[in-house]
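With the hints as constraints, model all of the structure from the sequences given.
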Amino acid sequence: MKPLENRWYPYALLAPAFLVLVVVSLVPFLFAMFLSFHQINFGRIGDFAGWANYSKLMQDERTWNSLWVAAKFILIAFPLQFILGLGGALLLNKRVWGRSVILPLLFIPTMMAPIVVGLLWKVMFAGSWGLLSYNIVERFGFLQGSSVFSSPDYALIALALVDVWQWTPFMMLAFFAGLQALPVSPYRAAAVDGATPLQMFIRLTLPLMAPLMVVIGMLRFIDAFKVFDTIYTLTAGGPGTSTEVPSLLAYRMSFEQWRIGESAAFAVLVWIGFFILCSLFYHVAKKKLNAF
Amino acid sequence: MNQPAMSSPAATQGPIKRISRQERVSVVWTLVLVAIAFIVLFPVLWVGSFMFRPDSAMFARPTEWLFEPTLVHFRYVIENGFIGYLGTSFALASISTFLVVLLGTPAAYAFARFKLRFRDDLFLFVLATRMAPPICMVIPFYMIFSSIGLIDTYFGLTLAYLTFNLSFYIWVMSSFCRDLPVALEEVAILEGHSRFAVFLRVVLPLLRSAIVATGMLCFIFAWNEFMFAFMLGGQQVKTLPVAVPELITTQGVRWGPMAIVGTLSLVPVMIAVFLLQKHIVRGLTMGAVKG
Amino acid sequence: MTTHKTRSKSTLAGLVATAAALCYGTPLQAQEWTYTEAAKPYVGTTIRVLDEITPLQETMRKLVPEFTEMTGIEVEYELLSHGDVINRGQADLFSGRGYYDAVMLHGLQMGPLLSAEVLQPIDDMLHNTALSNPNLGLDDLIEPANDSLVNYAGSQYGFLTWNYNQIYWARADLINNADEQAAFEARYGYPLAPAETMQQMRDIAEFFTRKSGETLAGETLENDFYGIVLEGIPGGTTFTTVWEVFMNNWGGGVFDAAGKPNLDSPENIAALQFWADLWKFAPPGQAEYSLIDVPTVMGNGIAAQSIAFSDFVLGVDRPGGGSYAGKFVYRGIPVNSNSPESRSAGGEPSLMALSKHSKNQEATYLFMQWMVDKDTQAKLMEMGGGGVPIRRSSFDLEAMQEAGRQSLYKAMIQSLKYVQAKPKTPGFYEIDNAMSPLVQQVGIGSMTAEEALKEGQRKVLSICNDCLLTD
Chain F
1 MKPLENRWYP YALLAPAFLV LVVVSLVPFL FAMFLSFHQI NFGRIGDFAG WANYSKLMQD
61 ERTWNSLWVA AKFILIAFPL QFILGLGGAL LLNKRVWGRS VILPLLFIPT MMAPIVVGLL
121 WKVMFAGSWG LLSYNIVERF GFLQGSSVFS SPDYALIALA LVDVWQWTPF MMLAFFAGLQ
181 ALPVSPYRAA AVDGATPLQM FIRLTLPLMA PLMVVIGMLR FIDAFKVFDT IYTLTAGGPG
241 TSTEVPSLLA YRMSFEQWRI GESAAFAVLV WIGFFILCSL FYHVAKKKLN AF
Chain S
1001 MNQPAMSSPA ATQGPIKRIS RQERVSVVWT LVLVAIAFIV LFPVLWVGSF MFRPDSAMFA
1061 RPTEWLFEPT LVHFRYVIEN GFIGYLGTSF ALASISTFLV VLLGTPAAYA FARFKLRFRD
1121 DLFLFVLATR MAPPICMVIP FYMIFSSIGL IDTYFGLTLA YLTFNLSFYI WVMSSFCRDL
1181 PVALEEVAIL EGHSRFAVFL RVVLPLLRSA IVATGMLCFI FAWNEFMFAF MLGGQQVKTL
1241 PVAVPELITT QGVRWGPMAI VGTLSLVPVM IAVFLLQKHI VRGLTMGAVK G
Chain B
2001 MTTHKTRSKS TLAGLVATAA ALCYGTPLQA QEWTYTEAAK PYVGTTIRVL DEITPLQETM
2061 RKLVPEFTEM TGIEVEYELL SHGDVINRGQ ADLFSGRGYY DAVMLHGLQM GPLLSAEVLQ
2121 PIDDMLHNTA LSNPNLGLDD LIEPANDSLV NYAGSQYGFL TWNYNQIYWA RADLINNADE
2181 QAAFEARYGY PLAPAETMQQ MRDIAEFFTR KSGETLAGET LENDFYGIVL EGIPGGTTFT
2241 TVWEVFMNNW GGGVFDAAGK PNLDSPENIA ALQFWADLWK FAPPGQAEYS LIDVPTVMGN
2301 GIAAQSIAFS DFVLGVDRPG GGSYAGKFVY RGIPVNSNSP ESRSAGGEPS LMALSKHSKN
2361 QEATYLFMQW MVDKDTQAKL MEMGGGGVPI RRSSFDLEAM QEAGRQSLYK AMIQSLKYVQ
2421 AKPKTPGFYE IDNAMSPLVQ QVGIGSMTAE EALKEGQRKV LSICNDCLLT D
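Chains F, S and B are the protein sequences, given in the same order. Reminder that position 109 of the first sequence reads as 109 in our numbering, one-by-one numbering, no gaps. Positions in the second sequence are counted from 1; adding 1000 to them yields our numbering. Positions in the third sequence are counted from 1; adding 2000 to them yields our numbering.
Just to be clear, a hint being listed does not mean it is correct.
Unchecked claim - Footprint (simulated), chain B over chain F, 3 or more residues, beta carbon under 8 Å:
no. : stretch
1   : 34 to 48
2   : 68 to 78
3   : 138 to 146
4   : 208 to 222
5   : 229 to 238
Think of the hints as simulated: they come from the structure by calculation, not from any bench. Even glycine gets a Cβ: it sits at the ideal position worked out from N, Cα and C.
This is the structure we're talking about:
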């Protein structure tokens, strides 16, 4: 007997959201797909172009370079955001004084407009005139003959760390909410059994938090790929193309060069890549972690 | 909602001795958090000082830690209409968040509660709507919007904001919904209430805190959004982030006004987080039911 | 017109002169022409104009109500930042939305926009005596910037409204220091003075590059000091500066006479090498410096010289602009002493162009004309306390006589003699986007000039073979 089961009711709950998603997301996406198969001359839709836009995109080494840069960027930023976010959440979850004040303060980086974040770190690390560049990096002669954001070795790492600064609070807040929602009784039982805090964390907190971690992790992973403003402001993709992430490439392709067909093809390719990755992960996470 | 609020695992150890040890520990942790907050916020504080800094003291070498404060930057901000953009930002972020909550909550609940045909596919579809890079999607949006006259309208931008916020909301909310105790709903149904009445009267109150927390994140995303707001907005609908680049002129960045506008854009969100965090912390209690 | 060696393209200016002469031929009409009269049919029209936000345009914005008062034409004069005015302006024009009646365009945008055929030639209106101010005096506009900018295939596409130009910028207090002068002459064999040639600029850069602890103009340095600062970010105008200020001065350039890519020529390699050698005397963060960082570096006393846009220095070299305000000296872009005949200066002359999709073309034309009108320009200079003129006669205005600015204004005049608009290239942005990371890598030393330009030639050839727009 499952009184809540009903053939149409859940679909009725879904319908409005899906209708909107179809209109605002699917339709523009299909339009982009349409554009990607056409020759577009500065905004004027021309003849059917087959795979021409795709092949031009895939033959361009800048495309592959940008994907590789994004992979490195995410590989540095994402685990740090995740671990620091979780650590911060655990800290906040302790009995601390003034949490109601500290929480909004710690959340500031995520609340800031991304372009302001970029300018903020420029003020900190701009070669020779940035506060920390001048007072620390150059005074003590780190990075001889280079600066944080113009060093081929460190620029990408520095940008990833800026992203960590910006988005760790987001992870922290989400995880904190999750921690607060954990059930109490398993911890009581474990305490009775004499489990250490570390054991409790590994055996209880992690598995119980897994569903939320997976959801937040996937959303952040997708968003980390879209990073734009900070990099545009701080390095514009340089030195060379060593920090040219896909969004930067797409920005130039779309807004400056108006290669709309290729930019649409890029959207489709990125979408397919994400879809495959996320589907795989989704099914694994569902089975192994009981997420979703 | 009237479940005991002692949800935090840390709060479950009883004896008075333990508590006094914990009080001691909490001082340490508080200090650690304050130290972290200071380090994290140092750049913000520094740039915050630009609000009152004369231009000549901003990047002077050696660094001028102390300076004679000035109010000229505030005058510029007020004279150039930035306060009005704040209103637009607020209206837009509020409307779009409201819509997201309205549309997203039933959907998230449905995903969490019911066995649906193609559930996984539908759920992935929701996520898929935010996978295409927005930078590539803005021009297609622009072309569609300009042909149906939606550019520079609240309606158009609200629609565009739904693309990234609705999927986010549904995904996060449905993970909260999964924790709802199904028993309460079943009882209510057996008592003869309609399904929708149960959703409104039983489910929604239980979800209130989760809605507040997730909605707040959506609000922040909408508040800070730039690409769509810039291309699909205009003179009528101009948000604060869109106005910020106007402070980057060929004669350099207007750092003082920039710091003011940046701070100004933080204030409403910070107040919201401060006021709403109780709900987040309490929202946590709903998990206790499950335990 | 004869003072300018632009005979090839001066047909249009000739036409204008003829038109003007014709108007004088009917004195009654000529004397009676006023904006108020000309605007009668358009009273109550609202036009939308998009322009870039700099202090120059902010001053213009204050003047716009005068136009409305005079004509009854409402103007929504929207100002956006440099990148945004390009993004939104191009989106509006390319998509055919037609929201803006006129859009400010940088010369470099002309190739793509003309090729997309979204701009409206203004010749008809220019020759329409009811609309055209007979005393407009277009032959007073700065050449060759104007001529190379607004004309294409025998038509004119708007009016030159802004005249961004690059100049040489140096620290006068250092160059005039007696100790430094003696040391410089002892080392290089000629007296220290603001650079007239590229080679002098290099020597001065080398000379003033000092480590912390060394002495500069009698004071012990707490931090490293640098001989020069240039824009170095991959984007902005990094590559166009290499192109116009260096390659062109070396007798090279991106295209050959037929418009084919010619990047790996010996002249270009030498020019790029010279530019990259200057990086040795530049701050370590140069690779991340954008256009707006350069004035910050100069304004905070970190470097001795720069090549910069002349309107940028106005933000620094003004009362309250910092402790180095008033301590600067300016010159035109230095000449390459090995090929003085191929003299060139960098700049970005920009125009107000009429949108093909505008439904208020005549009213918009009146506004555009008013923007470049002698009176308006005079008021603009007066209100802004100087500025960057688009008319030669503007340099004689009262507002342009401020003693502290004479060095800057003379430098502008010097540069403007050689500032041309970018060639009209549909693939301009693609070329720039391909080249700027390459030249930057030469600057930071991870590529040689030859490698970068070989690679660049290959890339640009894949973008276009005949790169210039031809009628």
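For each hint, the structure was consulted:
1. 34 to 48: Held - the stretch 34 to 48 of chain F has 4 residues with a Cβ nearer than 8 Å to chain B, which meets the minimum of three.
2. 68 to 78: violated (count 0)
3. 138 to 146: holds (count 6)
4. 208 to 222: Result for this restraint: violated, n = 0.
5. 229 to 238: The restraint on the stretch 229 to 238 of chain F holds, since 5 of its residues have a Cβ under 8 Å from chain B and three suffice.
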